[in-house]
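Engineer: Read off the chains here:
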Amino acid sequence: MNAPIKNTVSLSLRIPEPKARPGDPIDFSGLNVPPAGSAPRPDTRANAFQVRDLAFTLIRVLDEAGKAVGPWDPKLSSALLKSGLRTMVITRAYDDRMYRMQRQGKTSFYMKCTGEEAVASAQALALEDDDMCFPTYRQQALLIARGYPLVDMMNQIYSNEKDPVKGRQLPVMYTSKKHGFFTISGNLGTQFSQAVGWAMASAYKGDSRIACAYIGEGSTAEGDFHSALTFASVYDAPVILNVVNNQWAISSFQGIAGGEESTFASRGIGYGIPALRVDGNDFLAVYAATKWASERARANLGPTLIEHFTYRAAPHSTSDEPSRYRPAEEAKGWPLGDPVERLKAHLIALGEWSEDDHKALEKEATEVVRAAGKESEAIGTLGQSRPSVKEMFEDVFKETPWHIRRQRQEMGY
Amino acid sequence: MATMNMIQAINSAMDVMMTRDPDVLVFGEDVGYFGGVFRATEGLQKKHGLTRCFDAPIAEGGIVATAIGMGAYGLRPVIEIQFADYIYPAYDQIVSEAARLRYRSAADFTAPITLRTPYGGGIFGGQTHSQSPEALFTHVAGIKTVIPSNPYDAKGLLIAAIEDDDPVVIFEPKRLYNGPFDGWHEKPVEPWSKHADSDVPDGHYTVPLGKAKVVRPGSDVTVLSYGTMVHVALAAAAHAGVDAEVIDLRTLVPVDIETIVESVTKTGRCVIVHEATRTSGFGAELSAMVQEECFYHLEAPILRVTGWDTPYPHAFEWEYFPGPERVAKALKRVMEG
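Protein chains in written order, with the working numbering: chain A, 26 to 438; chain B, 257 to 593.
Among the clues, some could well be false.
[Unchecked claim] From chain B, some residues computed to sit far from chain A (all C-beta separations above 10 angstroms):
hint: 1; residue: D277
hint: 2; residue: D286
hint: 3; residue: G291
hint: 4; residue: E298
hint: 5; residue: S352
hint: 6; residue: S361
hint: 7; residue: T366
hint: 8; residue: L392
hint: 9; residue: E442
hint: 10; residue: P444
hint: 11; residue: P447
hint: 12; residue: Y461
hint: 13; residue: V471
hint: 14; residue: K522
hint: 15; residue: G524
hint: 16; residue: S536
[Claimed, not checked] Stretch-level coverage of chain B by chain A, calculated; a stretch enters the list once three of its residues show a Cβ under 8 angstroms from a Cβ in chain A:
hint: 17; region: 339–347
hint: 18; region: 396–403
Just so you know, the hints here were simulated from the structure itself, not pulled from any lab data.
Using N, Cα and C, we set each Cβ at its ideal position, and we do this for glycine too.
Chain A extracted, bound-state conformation (with noise of 0.2 angstroms):
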């Protein structure tokens, strides 16, 4: 008898790590970031072949002396510019103030989108205001730059009497059909592959409308994901689907999703699907690929994968401590910086912006948070003021049945 074949090499077993943890120098050695300008703008009815190179390198215009270059430059007006600097800057200190009023107990829970501003903010100026979008939890700049009232997302997070969702929801998982803005679900993923469904919907309906998704890097591992851009790529769906890389999943750095095999941007090649990899903290990139996504979408030539490459600046939520896993000066020294500083670098370099200018912006957008927050936190935080109790057994169905009536009652409503 011979002895068995053996392997001559023993297996191993991988498991990624980041490339720095807390206490660690910082790291971006692997990062390659292209110069500004360098990627080709192609025609929009090129194929997901043709176009390749999009998905692994980064689309880029905002040079490092905040001057626009290249053919992806959307060659936008000041008073877009400085539209979307707004709605980011109104962000920021919404996020800065609702945190604040979790840390002082005044709800239970908050998240924050900070360095990943530009992603929602510019897509919402490149987008129709029809246009329905399915975001997660990270794209609150959505409502903002289309008007939806503050005091309504206050409500929300406050679960008071005014809530729109009646304080059924977590706080952030706003929705608002009239802007364009699924509900929110918290299982992360799902809004992912309904987005499609969406689209089908209105190109079923002869519709000029378009749906546009997000799912963060990590949960580009769930199923939705595949059967979104299955479903998408099959039905030339009109979408957008947007991967908001921001490195980090609660603790779980990208590569934990897949991310240092191949970039995010490239999963969309092996379903045909045109891709972009976008500098995400760069409005005008964001915009212009945006702008190229939706084309295609309008002239039926199908769905558009996009990724935002950016950093999750803030903690994942108020409930997370990130210098727990990584490096606490990971964010400022992130490669592409932020997304406000380069805008507003940008107006200021085009000579339509100063500091002043800026103050004064940041000024305001406190003062507009601030009056939004005494109105709704007159109304109530949580649990100084909610909806009846009425309303837990109210929308389960479009009519109460029996069986939650009559539990209605034993609660005595």
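Dock chain B against chain A, hints included.
Structural biologist: Quick look at chain B alone, frame taken from chain A:
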């Protein structure tokens, strides 16, 4: 009026609704050109066009998710999950999403979708083509769960489901598609054409959701059942020589409590019959309801006849399936109590 088997009745319901309402569309695995593995969608694509009845990728989660998106847009999609045994990849989309869209958005968005899926045993389908997972859905707030037992009800309930503004899951007893199977599996198969409930109107009508039907009035014992088990219960009553009042629940959520209470109050005895496994099955809920509502009228313990708490086995189809012998035994036992 025409004579229809259950498949034809289900097909007719979709045809009627697609004709009446341009916002009704049908999709699922193999449902388009081919017309579905059980032929439920046969001819719909040819008649109504490619975009109104089409094939979906093999991704149950994606099928339900896209239907939710379409529902949120304002359409009324009717989707088929090819076997109830394949529904689990879609469970998150059904439970966390479709069921809660209205609630979590305070009716800003709703999911008026109808999900059809063949379920149940008696076809030698083994453990992946025979399950009865209805209790996994009745346990979820925000979903209506419907199970027809004959062609007339199947069409009327399906139309009511499509017109309903909330998500409805319809489990279709696939053993009944071609005939009213009563569990005597060695007997020749009887076609629907010999059964009164195969007289089905060609046009539009509804059977209301949430209303049970007394299919056999009786005075000795109430049998609560649904789907294939309605026919088994009738056969068992005849076999046992017991004057059973057999109730076809038709809708499990919201269940018709009035019909149940009225019957058990009258008979004082109750046997619950379903194919699904016993532990935490819908029979447990029914038993609790009857106990809460009718305790002082009960003359014997409530009994359950169900599938065993094992996966559905291929070679032991008729030992697993709660056939008329087992149901008759329970009927006799409850009469002794």
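Engineer: Each of the hints needs a verdict: does it hold here or not?
Structural biologist: Evaluated hints:
no. : hint    : verdict
1   : D277    : holds (13 angstroms)
2   : D286    : holds (15 angstroms)
3   : G291    : holds (20 angstroms)
4   : E298    : holds (22 angstroms)
5   : S352    : violated (5 angstroms)
6   : S361    : violated (4 angstroms)
7   : T366    : violated (8 angstroms)
8   : L392    : holds (17 angstroms)
9   : E442    : holds (41 angstroms)
10  : P444    : holds (42 angstroms)
11  : P447    : holds (36 angstroms)
12  : Y461    : holds (21 angstroms)
13  : V471    : holds (22 angstroms)
14  : K522    : holds (20 angstroms)
15  : G524    : holds (23 angstroms)
16  : S536    : holds (18 angstroms)
17  : 339–347 : violated (count 1)
18  : 396–403 : holds (count 3)
Against the hints set out earlier in the document, violations occur for numbers 5, 6, 7, 17.
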